[in-house]
Amino acid sequence: MHPIIKLVAQRLTLGILLLFAASILIFAGTTMLPGDVAQQILGQGATPVSLANLREELGLNTPPVTRYFNWLGGVLQGDLGTALTNGRDIADSIGGRLKNTMFLAFWAAAISVPLAIFLGLLAVRYKDRWPDKLISGVTLTTISIPEFMIGYILVYWLAIKWRLFPSVAIMNDSMSLGEKLNAIAIPVMVLTLVVLAHMMRMTRAAILNVMQSAYIETAELKGLRMLTVIRKHAFPNAVAPIVNVVMINMAYLVVGVVVVEVVFAYPGMGQYLVDHVAKRDVPVVQACGLIFAAVYIGLNLIADIVSIVTNPRLRHPK
Amino acid sequence: MSEPLLKVRGLKIGATIYPPGEKSRHIDIVHGVDFDLEAGKVLGLIGESGAGKSTIGLAAMAYGRGGVELTGGEVWVNGRDVLQSNMPDKRRLRGAEVTYVSQSAAASFNPAKRIMEQVTEAAIGQGKFSKSDAEARAIALFDKLGLPDPENIGSRYPHQVSGGQLQRCMTALALCPQPDLVVFDEPTTALDVTTQIDVLVAIKNAIRDTGVAALYITHDLAVVAQVSDHIMVLQQGAMVEYGTTDQIINNPREEYTQALVSVRSIKHIEKAPTDTPLLRVEGITARYKGTDFDVLKNINVDIHPGQTLAVVGESGSGKSTLARVITGLLPPSAGEITFDGRTLTPDLATRPLDDLRELQMIYQMADTAMNPRQTVGTIIGRPLEFYFGLKGKAKQKRIQELLDEIELGDGFQDRYPAELSGGQKQRVCIARALAAKPKLIICDEVTSALDPLVADGILKLLLKLQKVEDVSYLFITHDLATVKAIADSIAVMFQGEVVRYGPKSQVLAPPFDDYTDLLLSSVPEMRLGWLEETIANRKMESAGN
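Quick note, the sequences are listed as chains A and B, same order.
Just so we're on the same page, my numbering is the position in the first sequence counted from 1, plus 159.
For the second sequence, position 259 (counting from the first letter as 1) is numbered 246 according to my numbering, and the numbering increases by one without interruption.
Derived by calculation from the structure, the hints in this document are not laboratory data.
Quick partial rundown of chain B residues pointing at chain A, CB under 10 Å, derived from the structure: (1) GLY82; (2) VAL85; (3) PHE96; (4) PRO98; (5) GLN105; (6) PRO145.
From a predicted model like this one, the values you see are computed outputs, not experimental measurements.
Cβ atoms here follow ideal geometry from the backbone N, Cα and C, with glycine treated the same way.
When you get a sec, could you build the whole thing from the sequences and use the hints?
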């Protein structure tokens, strides 16, 4: 068998195992949470009998292991259970929210990833000169400011002072793509500014590392232009570390946008999760946790596979 | 006389260095060098490391490596002073008129691109040839350079061909754009001696057939004698002597050149084997974890007290693995090692302290074998504390004794490795090994990274110490001149086996087996016409093909 297929298969298997491990952790963690859902739903005035009944109804009296496997069995069939608080199907409620989060993450990634790599290349080209310092300075500043702060600053200028974009990212299905993009413009900018520095600096460092190689000198001695040297000879060999950091940031865009979603009242996964944590709605928290874990593991798996596939020694064995 | 292809006048090259903790300062690397090179001729640049050879070679491309600055003088290529050119003109010079072959082709090829793309890149990028013409040229060059399957080798990736083949691909890369001048920078130094000779022939033929001029940079006078018309000897950035190859080799005028020509002046009279060897290696077979072949196959050798066994062979022949087995780093799958009358356990971890102490090692790269953050005194003092529990004054005294023994004077105790020269570093490593009062020191290519004159000094020191301390050496090397200089007995290794073993006088005397013949005959000799003669008389093809 081709070694690449073997390696990729190994990684996939490992990813699936990891996901199972994550599901156990999520389940165990949420089961151990203090507080009683039945009490929460019925309030302080509930009688012991009604509490016991509700617990029975919700299946809270069966042993945790049985509950775990019931839950896992459901998840594997696409059934994430029903929310305790409003009795709605979780998969249905999450569907739209996940789509919104992905929509936001997609546009943030579509802008930030190429921009970060381009700025990284530019910083390498003008290493230690003013463009490099400017790029590093600005991106480090934006990463150092808390994202809600950036959010409020942008809202103040773009939404309130200049009235270019709305300050609240309200979404619904009847909006056209243009309207949706207009709605999420400021959140996308905030996310871009937050993830840019990390990716840009990694691109810069990875390429500078490759630039020390003898084959870069060979390329220079062929009389190639500096940008051609960077693009054709340095970049392909720096892809693996760059993809790694890009994927971690993309995972952050999906998983870590809670604050931004709350600031902009954006109807995404993050806000949904925060709402239901507050209400002790364990099945929803579990479902969100599992989806986040899947996204995280999936993206890192892609990074792993990309670095395997871009390694010529693995792709073309002797 | 017409204008020469390359005319260098008063070339001055410097660099700004940034020593840690000190102010940056400017140093001169080359102090005003003049020479001419006619079209189609080969000039050999020779000198030790730090002589400025590569720096001068790259100056012909108006290029300064790293922080190197071309500070003064003129470099005329095809009637233009390239140091005064603007950047686009410099780019047109590089890769079109002057090209470069580096020492390590393995590092100089981009691992992510196919060979053909890299070989033709300059020819196409400089607009000298169309893609199809450039590829046809490349294939013709692959063929001329004796590469197997010239039609298809270009579609491979660099890691898919051998080191010797890659070095030839690098030559093809340099010749493909049809340059007027090629700078060969130690093109065969990193290769095994049996591979070097083939690459040397390929390069020589390619130069002759294409009529290109060449600057051939090397520290090996015997190699440069085979390929160049003229030789320029450099020392510390200045020219020592310039002349025809014949004159430099046969009638060197300057003292420094004479030293280079007559290097390896050591005379060592071989000692007869004793009845009780210090170390006996019996039937050792070994393989690395996760592999399915034996790197060592049934090895049997003896080392006698106060004597030197030289293990010689190409890279991959199992020399260093043998050292790993003896030191216990790699437990063998079969066989036994007896040391000073007792059997050594296969694994390092189970050996008593005395076994560890009496068996020391010195490595090729003195740089990486020392902790850069420790002073020489700490480095040498460590085994004194560890094995003998020496402290305070007694330790200081012993350290100074050891430093005296390795011929480094006062004031070295407080220095850091970075403040030492290559030869001095290796001496400190020797002192560290000696500090343990070993009976056997394994020397793994200890002189390979050093310049010939410095290496000579190290070998003399080792021989002197052997006499004084009565220590035995297992001397691993690929360099036959070194072997001749210091060995009492020799083991020739080839693909994991000892193919020839015995006292030096026997091993180096005919009749030879095929491999030993190939190995011995491949060592360049310092006379004109050696290359052609040797190729005509060979019994066996080298393994590098």
